[in-house]
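Student: With the sequences and hints as input, model every part of the structure.
For the record, in the sequence shown the residue sitting at position 37 is 37 according to the UniProt record's numbering, with numbers rising by one throughout.
Treat the hints loosely; a few may be bogus.
Unchecked claim - What follows is a set of in silico ranges between Cβ atoms, one per label pair, in the way DEER data are often shown:
1) 85 <-> 52: 21 to 31 Å
2) 27 <-> 98: 46 to 56 Å
3) 25 <-> 92: 45 to 55 Å
4) 56 <-> 25: 43 to 53 Å
5) 74 <-> 52: 38 to 48 Å
6) 31 <-> 86: 24 to 34 Å
7) 69 <-> 93: 12 to 22 Å
8) 73 <-> 35: 19 to 29 Å
9) 31 <-> 55: 13 to 23 Å
Unchecked claim - SDA-like, lysine to any residue: derived pairs with alpha carbons at most 25 Å apart:
10) 26 <-> 37
11) 26 <-> 11
12) 26 <-> 36
13) 26 <-> 39
If you're looking for bench data, these hints aren't it; they were derived computationally from the structure. Remember, it's a predicted structure, so these values are computed and weren't measured experimentally. Just so you know, even glycine gets a beta-carbon here, dropped at the ideal spot from N, CA and C.
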Amino acid sequence: MPTNQSEADKTVSELDAPESLSDDEKFNSLLVEMVADQAPRVFAVVIEHGHREDAAIAAWGIAFEDSAYMVTANGNNHYSLAAAENALNYVRIDPRTTPHLVWSNPTANPPETHY
1 MPTNQSEADK
11 TVSELDAPES
21 LSDDEKFNSL
31 LVEMVADQAP
41 RVFAVVIEHG
51 HREDAAIAAW
61 GIAFEDSAYM
71 VTANGNNHYS
81 LAAAENALNY
91 VRIDPRTTPH
101 LVWSNPTANP
111 PETHY
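Tutor: Structure (structure tokens):
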């Protein structure tokens, strides 16, 4: 029977695993693979002041396959978001600033910036 389970939701036993997981090295390797496949992406909301005059990180977040979570840099505000791109809607800015969504996971994906 087909399932709608995504790769990110698979357990070690559902991965392409050898018949026996008794070998510690093989099992640990599968754990590392599972964590890498399911790891959320880290992002920051960076506020640009003026036109490339200065910038500061306003918030940090993690994005999952179907949602995101963000906390302001000072820790005072926490947000549960439908998508990481929505983070820009919750950061206060004035007309002289520009918010940027910057992804931080250079080994998995090249950094991206959203305005």
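Student: Hint by hint, note whether the structure agrees.
Tutor: Hints versus structure:
As the Cβ distance of residue 85 to residue 52 is approximately 22 Å, the hint placing it in 21 to 31 Å holds. Against the hinted window of 46 to 56 Å, the Cβ-Cβ separation of residue 27 and residue 98 comes to about 47 Å, which satisfies the hint. Residue 25 and residue 92 have their C-beta atoms about 50 Å apart, which keeps the hinted 45 to 55 Å range intact. With their beta carbons about 44 Å apart, residue 56 and residue 25 fall inside the hinted range of 43 to 53 Å.
Evaluation of the 38 to 48 Å hint for residue 74 and residue 52 yields a failure: the beta carbon distance comes to about 24 Å. In this structure the supplied range 24 to 34 Å holds for residue 31 paired with residue 86, their Cβ-Cβ distance being about 32 Å. The beta-carbon spacing between residue 69 and residue 93, approximately 21 Å, falls within the hinted interval of 12 to 22 Å. Remark: the range hint 19 to 29 Å for residue 73 to residue 35 is upheld by a beta-carbon distance near 26 Å.
Against the hinted window of 13 to 23 Å, the Cβ-Cβ separation of residue 31 and residue 55 comes to about 37 Å, which falls outside the hint. A hinted pair counts as satisfied when its Cα atoms are at most 25 Å apart, and residue 26 with residue 37 qualifies at roughly 16 Å. Between residue 26 and residue 11 the alpha-carbon distance is near 15 Å, which keeps this suggested pair within the 25 Å criterion. For the hint linking residue 26 to residue 36, the alpha-carbon distance of about 15 Å falls within 25 Å, and the restraint holds.
Only pairs whose Cα atoms come within 25 Å are accepted, and residue 26 paired with residue 39 is accepted, the gap being roughly 20 Å.
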